[in-house]
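From first to last, the protein sequence lines stand for chains H and D.
Counted the way the working numbering counts, the first sequence spans residues 13 to 402.
Counted the way the working numbering counts, the second sequence spans residues 13 to 402.
If you're looking for bench data, these hints aren't it; they were derived computationally from the structure.
Any given hint could be a false lead.
When chains are identical, the list treats them as one kind, so a pair holds in a single copy or across two.
[What the hints assert, rightly or not] For lysine-lysine, the following BS3-like pairs were computed, each having C-alpha atoms within a straight-line distance of at most 27 angstroms:
id: 1; residue 1: LYS109; residue 2: LYS194
id: 2; residue 1: LYS323; residue 2: LYS394
id: 3; residue 1: LYS70; residue 2: LYS271
id: 4; residue 1: LYS111; residue 2: LYS194
2 protein chains.
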Amino acid sequence: MPVLLFSIETKVYNLKRFANFSMNNISFFHLCRCFFFFFTIFEIVYFQNVLMSQITLKDIAKALNLSPSTVSRAMKNHPAISAETRVLVQEYAETHKYKPNTLAMQLRTNRNTTIGVIVPEIVHYFFSTVLAGIQQEAESEGYNLLFCHSNEDYAREVRSVETLLDARVCGILASQSKTTEKFDHFQEIIDNDVHLVFFDRICTGINTDKVVVDDYAGAYNAVEHMIHTGCQRIAFLGSTPSMPIANNRRMGYEDALRKNKLPVDKNLSRICDTVDLAREIVPELLRSDSLPDAFFCINDEVAAYCMQIVKSAGYGIPEDISVCGFTNSYITEVTDPTLTTVDQHGFEMGKVAARLLINRIEGKETKPGVVSRLIKTELVPKGSTREIVQ
Amino acid sequence: MPVLLFSIETKVYNLKRFANFSMNNISFFHLCRCFFFFFTIFEIVYFQNVLMSQITLKDIAKALNLSPSTVSRAMKNHPAISAETRVLVQEYAETHKYKPNTLAMQLRTNRNTTIGVIVPEIVHYFFSTVLAGIQQEAESEGYNLLFCHSNEDYAREVRSVETLLDARVCGILASQSKTTEKFDHFQEIIDNDVHLVFFDRICTGINTDKVVVDDYAGAYNAVEHMIHTGCQRIAFLGSTPSMPIANNRRMGYEDALRKNKLPVDKNLSRICDTVDLAREIVPELLRSDSLPDAFFCINDEVAAYCMQIVKSAGYGIPEDISVCGFTNSYITEVTDPTLTTVDQHGFEMGKVAARLLINRIEGKETKPGVVSRLIKTELVPKGSTREIVQ
DNA sequence: AAATTATGTGCACACGTTTGCACAAAAAAA
DNA sequence: TTTTTTTGTGCAAACGTGTGCACATAATTT
Chain H
13 MPVLLFSIET
23 KVYNLKRFAN
33 FSMNNISFFH
43 LCRCFFFFFT
53 IFEIVYFQNV
63 LMSQITLKDI
73 AKALNLSPST
83 VSRAMKNHPA
93 ISAETRVLVQ
103 EYAETHKYKP
113 NTLAMQLRTN
123 RNTTIGVIVP
133 EIVHYFFSTV
143 LAGIQQEAES
153 EGYNLLFCHS
163 NEDYAREVRS
173 VETLLDARVC
183 GILASQSKTT
193 EKFDHFQEII
203 DNDVHLVFFD
213 RICTGINTDK
223 VVVDDYAGAY
233 NAVEHMIHTG
243 CQRIAFLGST
253 PSMPIANNRR
263 MGYEDALRKN
273 KLPVDKNLSR
283 ICDTVDLARE
293 IVPELLRSDS
303 LPDAFFCIND
313 EVAAYCMQIV
323 KSAGYGIPED
333 ISVCGFTNSY
343 ITEVTDPTLT
353 TVDQHGFEMG
363 KVAARLLINR
373 IEGKETKPGV
383 VSRLIKTELV
393 PKGSTREIVQ
Chain D
13 MPVLLFSIET
23 KVYNLKRFAN
33 FSMNNISFFH
43 LCRCFFFFFT
53 IFEIVYFQNV
63 LMSQITLKDI
73 AKALNLSPST
83 VSRAMKNHPA
93 ISAETRVLVQ
103 EYAETHKYKP
113 NTLAMQLRTN
123 RNTTIGVIVP
133 EIVHYFFSTV
143 LAGIQQEAES
153 EGYNLLFCHS
163 NEDYAREVRS
173 VETLLDARVC
183 GILASQSKTT
193 EKFDHFQEII
203 DNDVHLVFFD
213 RICTGINTDK
223 VVVDDYAGAY
233 NAVEHMIHTG
243 CQRIAFLGST
253 PSMPIANNRR
263 MGYEDALRKN
273 KLPVDKNLSR
283 ICDTVDLARE
293 IVPELLRSDS
303 LPDAFFCIND
313 EVAAYCMQIV
323 KSAGYGIPED
333 ISVCGFTNSY
343 ITEVTDPTLT
353 TVDQHGFEMG
363 KVAARLLINR
373 IEGKETKPGV
383 VSRLIKTELV
393 PKGSTREIVQ
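Model the full structure from these sequences, guided by the hints.
In structure tokens:
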């Protein structure tokens, strides 16, 4: 495709202006004009798009000798329209495959049915599960989903918010990226009177509805379970404490230790939320004087790699060392042994979050302040932890 | 929330009608009216939504004593507008946070920048990777993504198409559900002059652009690799042959056998694309007289379960039996041993598909017929296959 | 100086809907 | 019959933007 020095619009405009000279006395200057004229014409035709045709309310009105307003009302079962007219119109619309123009409708009524979703990562068991839940709930309520992916990147998250506000969505479901530390973009959503619900990775700087997993209880139960199976020195592979989900799990972990009268050893509590960190930190812990006899990990992936490292160091799982993950993704079924984990019920979280947002949009959620929903977690014991000693 | 017998619109309408009686001679009938009147008023106020306010072109025009047309042109750097007016308008717009109303723009120009995506499954490594690729390419070109999830269900797929057409998207990227056998809904997309590009699970009944993985070569190379490592009786755990991706892989598998002068045993080629089927079919194959010494599986998940079953039957991997998957998802790293697989380059497929669709939309893809893009596959040998004997 | 051309702006209509209001005709009540 | 009420329909304006055209005024060419 040739490069355009000016936009098509500019070209058309100039063209019209140039064409507007009188043909009385022609100069070299005019000849140049002519040349340019034809060149531009060609270029414009070349780039012209074909317009598509769709039947409208007006067309129906014209065909049935009615006014557009009558047709509009007939389509919506307005009580002032006679039964016969309604049937007439609806049948005509049916046979001619009339599709209301959503754009025009939304413009007129100043309200639409598109909700935006911002996800920090999509190639990710938990978030894709949540997305599936959101999608199902939204679809069943007649809402569309505008999908954005921040990829754990602050700049992309800001751009996503802009995109969604430009598209005039009626609400936004968001989970924060790891790198986000400023919240102006989220505040802007609220300033624009667009409803906002956070899920999972909530934003502490913004006062709005949220749906979170009960991380504290999940961690507490998992750690207590390992204690009941005889573990004494449980290591915690966590994430940055600025993320509430990570901090809550650490608190659940520590409280479970305290409740069972076990020491809370700060050396056993590490930030280790990626595969690379696991390769570094797990061997270090295994080398230390006081060997841990269990690992409680921030997610299933870290847990799976942790298991690999532990096994290759010659320890048996779960005989020597127990391992527990978090999420209950499908990798927990294919490791050897299978991985004990905490189910986060992502699908339900998605449904609850979408439900809450839609209620806000439709004014059905009347509670004035901030609404917080808690999704229950569930311990799923598999092969990487021992049986409870009775 | 109380149940509404009639819609709000109907209520308002009736209200106005009823209010329209003369107050001269009041009867019991009228009193009933009055009661109903107030009840309805209350109900309407109760359900009323707040309208949001946004600054428009008109507002700017009024504030600067210009006409809306001038403001419109100034914002778009139209050449007919003087520099000072343009700066004036753009600065005013900037400070007052003017956001063009996308709906109105799209309505006026009859063209929008939203493309629809239909994915059969989202809690799925490959498809979520493709979605990430689509998202990145679309975002960089200024397009929005309307996300639909058919969940491998024909009815939901049809509904998704309806939704996307109603939303007037300018193009659709789709991957077919397993249960789809009629294609009218896809044809309707084309009949509505909306661009359509299939990816991965293409629809053979529809003549349109597509992007597919080179399944044949992927399968061929994987099987040949296993042959070179000394495997002689390779089983194929495939999927329904009506899906081109499954059929192409079977052909690659068979051709690799033939090329290397190995017999093609129909008993070793099964339909086994779910975990449940694997639990049934793999043990059956292991019991048979002529034990396979390798499994080539349609996806990583089946391969992982296959490995579990093989191991628990007492065979060593890869010493006794080799296993190879397809996709290169993250489960291939956490199985024991790690799983040899074929990388499908999902992210690139997403980008290529989006690129192709956008080119069609913008008229940059001038090739008139059907365009097919092939995404290269790549064998990724890991721990579940042996080293090649030199 | 006169004719021509360039420049900048505004009017009015269009896109496809929805909706307040007016109005005629039919039905019911007085 | 006359008045009131009900019923069904159409007119016109609106949502926020884009664009053809006309029309002044300024700049340039004859």
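What are the numbers of the hints that this structure violates, sorted from low to high? 3
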